[in-house]
Amino acid sequence: MAIHIPILIIISPLLAAFLVLLTRKYKIILATTSIIISIVFILTLSSRILSGDKVIYHLGGWRGPLGISLMIDGLSFFFSLIVLGLGLLVIIYSIPERHYGRTYYFLLLISLSSMIGISFTADIFNMYVFYELLSLVVYLLIAYNEKGMALKASFNYLIMGGVGLSFFLLGIGFLYAMTGTLDISHIAERLPAAFDSSVKMVIMSFVLIATGIGIKIAVFPLHGWLPDAHSMAPSPVSALLSGITVEIGIYCLIRVIYNVFSTEAFSIIINSGHTILIVLGVVTLLFGAGMALVQTDLKRLLAYSTINQIGIIFIGLGIGTELGLTGALFHVLNHAIMKSALFFCAGIMIAKAGTREVQGLSGFIRQQPAIVFAFIIASLGMIGIPPTNGFVSKWLICLAAVEAGYTILAVIILIASAITAVYYFRVIQVLFSSPSKQNPVLINEGGQIIHGGNFFRTWTIYILVAGCLLLGLVPALGISLVKPAVSLLLYHVIP
Amino acid sequence: MNPINISLLVFMIGLYGVISKNNLIKKIMGLTIMNGSIVLFFISIGYREAGLAPILGKGTTGGIPTTIFVDPVPQALMLTAIVISISITALALALIVRIYAKYKTLDIQQLSKER
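Heads up: the sequence lines are chains A and B, in that order. Under the working numbering, the letters of the first sequence match residues 788 to 1282, in that order. Under the working numbering, the letters of the second sequence match residues 1069 to 1183, in that order.
Derived by calculation from the structure, the hints in this document are not laboratory data. Beta carbons are placed, not taken as given, at the ideal position from N, Cα and C, and that holds for glycine. A few of these clues could be false.
[Claimed, not checked] If the Cβ cut is set under 10 Å, some of the chain A residues that face chain B in the computed set are:
no., residue
1, Tyr-915
2, Leu-927
3, Leu-938
4, Gly-948
5, Val-950
6, Phe-1212
7, Val-1214
Based on the sequences and whatever the hints tell you, model everything.
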């Protein structure tokens, strides 16, 4: 039993997904229990992983390079904790909505289980299969309401995502042609030999894989699908997409950069890769901030804010020092918490006010002050103001930039934070102002809430906001989670 | 011209279709062509000149091959990739049916004007 824990963590939500289809009454209980079981399983592994150990599981007893294996190290542990924790909150937040039937929970559970699969697998083709499964489910979740705009957004994402994953698969093909294996650690061992004979193929595979994942993360020139997809989806799904799915793409990128193309022989590629990451990060950061400034739709504003934060994470990854990586990974966690809190708040506000326009939300403070204060705390975190968690990670990244000699990057992050402050304060100011006279464009998105259902919605938000404050006041908590991952990435050794 | 170059050429043709065509169905056709080219690419990686089917027993002594075998791994991978490609296509076509029922057009230029 104990040795089979890694596969059970993936199987538990997957099995529950199909059981949910059979029952009408117990769907929510089944969904939450399966996620809680997975969390319990992964917590039993936590002491081994935080001390720097790796848990390796060979599926069916076939060892690499032929068999498929699962590997849980500090990095995958960190990401799977984000996925499971936020996934549980997303399910709880969806409970009060009557409109979400069995298929909704089915899709949600499959997406969570495939994201855990991506973060655990040690086989690069398996990673592709899980990613494709995740994308397939996400296209369906975006179009779940079957509104016209949502259908278009989903189709748009399908085209972009389909092209991106084709690039990814072609890159895997090049890797297989050079090394003859698909296991990540074996590829890393055999690549240096291939590098001497065919430099172009190595570079080609790196570029293809990085471009493919870049589309899924929505880096600047490839971001076109994100604002539509993230804003048209139902609110819990938006939180899932912005908070977790994008972060899983960042996980894939980190794995590919630091574990596959990591050996000394590639130092030329890696160094230019870091520069490219920094440049892309800066452009993405400024573009996201600028576009968020002109949005009038609340959820679109939050979606562009996601692009903005991805830029910061990219800068941290591009700096590549220990401090920079710590800041980047910590910012991944913080962004997941803050952005889901903001989308949850936006979901409640939009359902109450019946409009997505920022102007239509005026005077919301009188209806639900607690939600408004939660929104304020989470947006303070996005801006990076001290008692919240966003400050800590931005500070770490700025510090790393100055230490590495890129003082200009710290200045750019500060400017972008100022822009972030402008667009969030604009929303907050509207929330506090008196209700406007003219009627905004009403949309029928409220759906039916079960009696007393707001209890679940508000408490998930309170938990997330408490997390924001806790990580801001005691950053050592988050950093101790990130530390094993960083030392594993940089030095390939146990701390 | 070897099959790998041909498959990359076909990949580019598919990408061109996805990018330049305005009709939604044609975009999906482009995506399918891209996936088909990847199948060709993988199969040609595993191809060996005059190789046998990789079955233990014939042409092997004690599990060690004595003749040239075709690499079976890419073929196994492509079975998975074909299934994925088909499910993506099916989902895309289902979305197109819904979009057409709502907007009565398949042209992406006109769709982007509608709300």
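Hint by hint, here is what the structure shows:
At its closest, the beta carbon of Tyr-915/A sits 8 Å from a beta carbon of chain B; the interface hint therefore holds under the 10 Å criterion. With a cut of 10 Å, the hint placing Leu-927/A at the interface with chain B holds, because the nearest CB-to-CB distance is about 7 Å. For Leu-938/A, the interface hint holds, the least distance from its beta-carbon to any beta-carbon of chain B being 5 Å, beneath 10 Å. Annotation: Gly-948/A was flagged as interfacial toward chain B, and the flag holds, the nearest CB pair being 9 Å apart, inside 10 Å.
Interface restraint check: Val-950/A against chain B, minimum CB-CB distance 6 Å, threshold 10 Å, status holds. This hint is violated: Phe-1212/A has a C-beta 29 Å from the nearest C-beta of chain B, more than the 10 Å allowed. The closest approach between the C-beta of Val-1214/A and any C-beta of chain B is roughly 23 Å, which is over the 10 Å cut-off, so the hint fails.
Hint violations for this structure: numbers 6 and 7, all remaining hints satisfied.
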